[in-house]
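Enquirer: With chain A held as given, fit chain B onto it using these hints.
Same order as they appear, the protein sequences are chains A and B. Remember, the working numbering sits 2 above the position in the first sequence when you count from 1. Remember, the working numbering sits 616 above the position in the second sequence when you count from 1.
The hints are simulated quantities; they were obtained by calculation from the structure and are not laboratory data. Predicted model, so just to flag it, every value in this text is computed and none were measured. Hints are supplied without guarantee of correctness; some may be wrong.
As the list claims (entries may be wrong) - Straight line, CA to CA, 30 angstroms or less: simulated DSS-like cross-link-like pairs of lysine-lysine: (1) B:Lys651 to A:Lys73; (2) A:Lys115 to B:Lys715; (3) A:Lys115 to B:Lys709; (4) A:Lys132 to B:Lys715; (5) A:Lys86 to B:Lys651; (6) A:Lys16 to B:Lys709.
Unchecked claim - Label pairs and their calculated CB-CB ranges: (7) A:Val126 to B:Gly689: 14 to 22 angstroms; (8) A:His129 to B:Ser726: 49 to 57 angstroms; (9) B:Glu654 to A:Glu34: 25 to 33 angstroms; (10) B:Gly634 to A:Val24: 12 to 20 angstroms; (11) B:Asp668 to A:Thr6: 21 to 29 angstroms; (12) B:Arg686 to A:Val8: 39 to 47 angstroms; (13) B:Gly656 to A:Val7: 47 to 55 angstroms; (14) B:Glu620 to A:Arg59: 27 to 35 angstroms; (15) A:Val24 to B:Gly689: 20 to 28 angstroms.
All C-beta atoms, glycine included, are put in the ideal place defined by N, C-alpha and C.
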Amino acid sequence: MAGTVVLEFPSEYKFLNIVDLVCNDVVQNLCENRETANEIAISVIEAVTNAIEHGNRECCDENVRISFTCKEDRFCVEVADCGKGFDYQCYLQNIPDPANVYHLRGRGIYIMKSMMDSLEFEMVPGHGMKVRLEKVLKPKAAGEVAKN
Amino acid sequence: MRIESREKDGVVILDLQGKLMGGPDAETFKTTFHKLLENGRKRVIVNLHGVDWINSTGMGILISGYTTMRRGGGDLRLLHVSDRIRSILYVTKLNLIFKCFDSEDEAVASFLDG
Chain A
3 MAGTVVLEFP
13 SEYKFLNIVD
23 LVCNDVVQNL
33 CENRETANEI
43 AISVIEAVTN
53 AIEHGNRECC
63 DENVRISFTC
73 KEDRFCVEVA
83 DCGKGFDYQC
93 YLQNIPDPAN
103 VYHLRGRGIY
113 IMKSMMDSLE
123 FEMVPGHGMK
133 VRLEKVLKPK
143 AAGEVAKN
Chain B
617 MRIESREKDG
627 VVILDLQGKL
637 MGGPDAETFK
647 TTFHKLLENG
657 RKRVIVNLHG
667 VDWINSTGMG
677 ILISGYTTMR
687 RGGGDLRLLH
697 VSDRIRSILY
707 VTKLNLIFKC
717 FDSEDEAVAS
727 FLDG
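Bound-form chain A, shown alone:
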């Protein structure tokens, strides 16, 4: 994969499926490990869900922008919303006990942190929150890339 694939769409849940399809397609061409591909797809869906739900507050007039880039040995995803941001430090430092069944929410950041190699948040003044996710990839064998 050369360059960057970018998607931009209104804050509606129905677009999550398109994100998933594109993400899977891009990742499957780079990585033969099914578990790694699943972890990336799951984390991307969590990041975009957060952007729609908590960032843009499900406001259809506000867009979510996502970019997929492959840099050497790692797959990088950026998800940007237009919201006012939220106290992500609180979620990173005070992750609720995931085994507590009564917690209906609050697992998204925990899932991303567990499944990706790097997770960063950046509040861009006047623009919104940007989340960066990275995952180190084991490259496919040369023949595998050609087959796909």
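Expert: Here is chain B on its own, set in the frame of chain A:
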């Protein structure tokens, strides 16, 4: 998300189709589980065979269904959990709570065995 309900040996099986991701799905599920309890249906299997993927909001919907059934004296078990959904269950340790089955017969029998 589409939900179809059927019954086998007194156990309700909810066949889900689509993506479980929050939004209107939460209210649909809430109503479904409360109606089941009102009608005395306390043993429920959620069949995820037709579910492409789920996010943490969707997981919250399943947890809500589980707690609703447990508080009502029943139980909720999962059937045909894909690798992708299973990895979310493991990382969040919810695999310790949800009983998962690969066979419908075994899932139904698990209720009949107690």
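Enquirer: Could you work out which of the previously given hints the structure breaks and list their numbers from low to high?
Expert: 1, 4, 5, 7, 9 and 15
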